[in-house]
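Visitor: Model the full assembly from the supplied sequences, consistent with the hints where possible.
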Amino acid sequence: MRRTRLIQSIALHVVITAGALLFLMPIFWMLLSATKANNVILSLPPTLAFGDALAANWAELADDLPFLRNVFNSVGIAVIYTLVATMVCAMGGYALAKFRFFGRGAVFTLILVALTIPFEVRIIPQYLLIARDMGLTNTWWAIILPGLANALGIFFMRQNMLSVPSELLEAARIDGASEARIFAQVVLPIMQPALAAVGIVLLLFQWNDFLWPLLVLTSREAYTIPVALGTLVGLTRVSWGGIMVGTAIATIPFLIMFLFLQRYFVAGITAGAVKD
Amino acid sequence: MATPLPAPRRRRRIPWTPYLFLAPFLAAFAVFWTWPIVYSLFLSFVNTRRRPWTFDPWFNWGRLLQDTAFWDALGNTLIILAVQVPLMLMVAIALALAFDSDLLRLKGFYRFAFFAPLVLGAVPYSAVFRLIFNVDFGILNYGLTSLGLPPVRWLTETAPAMATIMIALTWRWSGYNAIILLSGLQSIPRVLYEAARIDGAGAWAQLWHITLPLLRPVLLFCFVLSTIGTLQLFTEPFLITVTGPGGATETLVTYLYKQGFRNFNFGYASAIAYAVALIAAGFSLLQIRLVGGRNNG
Numbered sequence: 001m002r003r004t005r006l007i008q009s010i011a012l013h014v015v016i017t018a019g020a021l022l023f024l025m026p027i028f029w030m031l032l033s034a035t036k037a038n039n040v041i042l043s044l045p046p047t048l049a050f051g052d053a054l055a056a057n058w059a060e061l062a063d064d065l066p067f068l069r070n071v072f073n074s075v076g077i078a079v080i081y082t083l084v085a086t087m088v089c090a091m092g093g094y095a096l097a098k099f100r101f102f103g104r105g106a107v108f109t110l111i112l113v114a115l116t117i118p119f120e121v122r123i124i125p126q127y128l129l130i131a132r133d134m135g136l137t138n139t140w141w142a143i144i145l146p147g148l149a150n151a152l153g154i155f156f157m158r159q160n161m162l163s164v165p166s167e168l169l170e171a172a173r174i175d176g177a178s179e180a181r182i183f184a185q186v187v188l189p190i191m192q193p194a195l196a197a198v199g200i201v202l203l204l205f206q207w208n209d210f211l212w213p214l215l216v217l218t219s220r221e222a223y224t225i226p227v228a229l230g231t232l233v234g235l236t237r238v239s240w241g242g243i244m245v246g247t248a249i250a251t252i253p254f255l256i257m258f259l260f261l262q263r264y265f266v267a268g269i270t271a272g273a274v275k276d
Numbered sequence: 001m002a003t004p005l006p007a008p009r010r011r012r013r014i015p016w017t018p019y020l021f022l023a024p025f026l027a028a029f030a031v032f033w034t035w036p037i038v039y040s041l042f043l044s045f046v047n048t049r050r051r052p053w054t055f056d057p058w059f060n061w062g063r064l065l066q067d068t069a070f071w072d073a074l075g076n077t078l079i080i081l082a083v084q085v086p087l088m089l090m091v092a093i094a095l096a097l098a099f100d101s102d103l104l105r106l107k108g109f110y111r112f113a114f115f116a117p118l119v120l121g122a123v124p125y126s127a128v129f130r131l132i133f134n135v136d137f138g139i140l141n142y143g144l145t146s147l148g149l150p151p152v153r154w155l156t157e158t159a160p161a162m163a164t165i166m167i168a169l170t171w172r173w174s175g176y177n178a179i180i181l182l183s184g185l186q187s188i189p190r191v192l193y194e195a196a197r198i199d200g201a202g203a204w205a206q207l208w209h210i211t212l213p214l215l216r217p218v219l220l221f222c223f224v225l226s227t228i229g230t231l232q233l234f235t236e237p238f239l240i241t242v243t244g245p246g247g248a249t250e251t252l253v254t255y256l257y258k259q260g261f262r263n264f265n266f267g268y269a270s271a272i273a274y275a276v277a278l279i280a281a282g283f284s285l286l287q288i289r290l291v292g293g294r295n296n297g
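Protein chains in written order, with our numbering: chain P, 1 to 276; chain Z, 1 to 297.
Calculated directly from the structure, the hints in this document are not laboratory data.
Every residue, glycine too, gets a C-beta built ideally from N, C-alpha and C.
Check before you lean on any hint, since a few could be wrong.
Stated by the list, open to error - Selected chain P positions facing chain Z (Cβ under 8 Å, derived; list incomplete):
#1 Met30
#2 Phe99
#3 Val107
#4 Val187
#5 Phe210
#6 Trp240
#7 Thr247
#8 Thr251
Said to hold, decoys possible - Covered stretches of chain Z, as calculated for chain P (at least 3 residues, CB under 8 Å):
#9 111 to 122
#10 256 to 264
To be verified - Listed next, with one range per pair, are the computed distances between beta-carbon atoms:
#11 Phe260(P) / Ser146(Z): 17 to 25 Å
#12 Ile252(P) / Pro150(Z): 32 to 40 Å
#13 Pro86(Z) / Ile252(P): 27 to 35 Å
Guide: And the structure:
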């Protein structure tokens, strides 16, 4: 019995290690290529060692695009979007979970229906609204505004807000605290894990979003990182080293975050997956 | 009339409080969800090919039914769906089982290896895959030839291009699904396995008769999510294969993009978008019927 367990364990580890190396390979290759000169990347056999062209690749990338500006756009948009959208979802989720009011059921149903409708259905009118009617092309607001009402975000916040003890809210009300103050000083502190989960998922989604920014950001100065890199990838004569530096810049912050904040990522990903 | 939930008898009434809390969400929701969904449906009945736009209910939908490019894009999308989603979910189930097993050591390392792809954006990983799968200097073809196998024209032949997209998607989303499945596995009561062991059930029997049946609702969730995701596939074919060769990896949404934002035919693009939504809804219902069975509604 012990022996079969040992053999099983070894077999499992052999298979899963092979799989793990295969899965890590693209990330490793990205980091490796970011340090290699372009002619090294294009030559065979491929070298498995880090090169010394990181600075040169960066220079090439910064030559092709205003990449620092693109990074700044990405960071600014992602941070503002995440803070505001998380707060909007938290406030809405709080109202849906902890108050009884006319129209509550209708709003909740509407949100559940919205969850099932693909984004593409909204893309044309949203484009007309942002680009034509509001004239927001090439601004941060073009990216931030349309995503503020996140159906999954408010749904997740609502489910979590249900667990806030109503007695606590009542006690604060009897003490004479205003509703805004109760929300800020009683509800939000209890909800920190849920806020972190929603915040991380929204941040990741916004940071990586491509299709929508591609439509409303048309000037190189206004590009976010994905749009900027996307314009390089399709070119026939490309600086692969430069692109890989850009992808590394886009990816490394989240790889590090993932190492330390895994449980929040997992909580956000499994939001609504397990029925209860 | 609004009253805090638990104490309906309280005298203090603040009927506007929940509305104020909901106001920002509802405002954004009305402008960027409700209105676009309605307007898009309307646009799908409008001829937008020349100004002024005219209401012509059959103009776009009639064209859609006869447009071979649309049906090709749908066909490509369905092929990816039919091959890639089951493949990925099998990988994901295997991963979830491995992570749930007490035989596995070094879980932190393996978790990072398999779950790290899910933080990569579609653009960065598409770029990396385009490099790895490059026909002439990609490391994959180098690996194949050094094993004595012929190189594959990954990005320039139909079947290999499709395979490239499927491999990329599987790499990116297996860990994501494994996380969801793992949370499902962990909610299965351990006593069931103990009882089965006492009754003499082996590992396979336990997998077939306990794990998979009880995992069904979560598996269904993954199935529906992956199906909708595949129907919305855009960045990978747009960047890795550039929808080629010769449109072989054109998908519904890359086609929608071309109609809407290269030809600026908003009416037709709206019809395509609604077609995608209808197909997604149809698939979701079908899967809930087929896989869901009686114990989840």
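Visitor: Going back to the hint list, which numbers does this structure go against?
Guide: Hints 4, 11 are the ones this structure does not satisfy, whereas the remaining hints hold.
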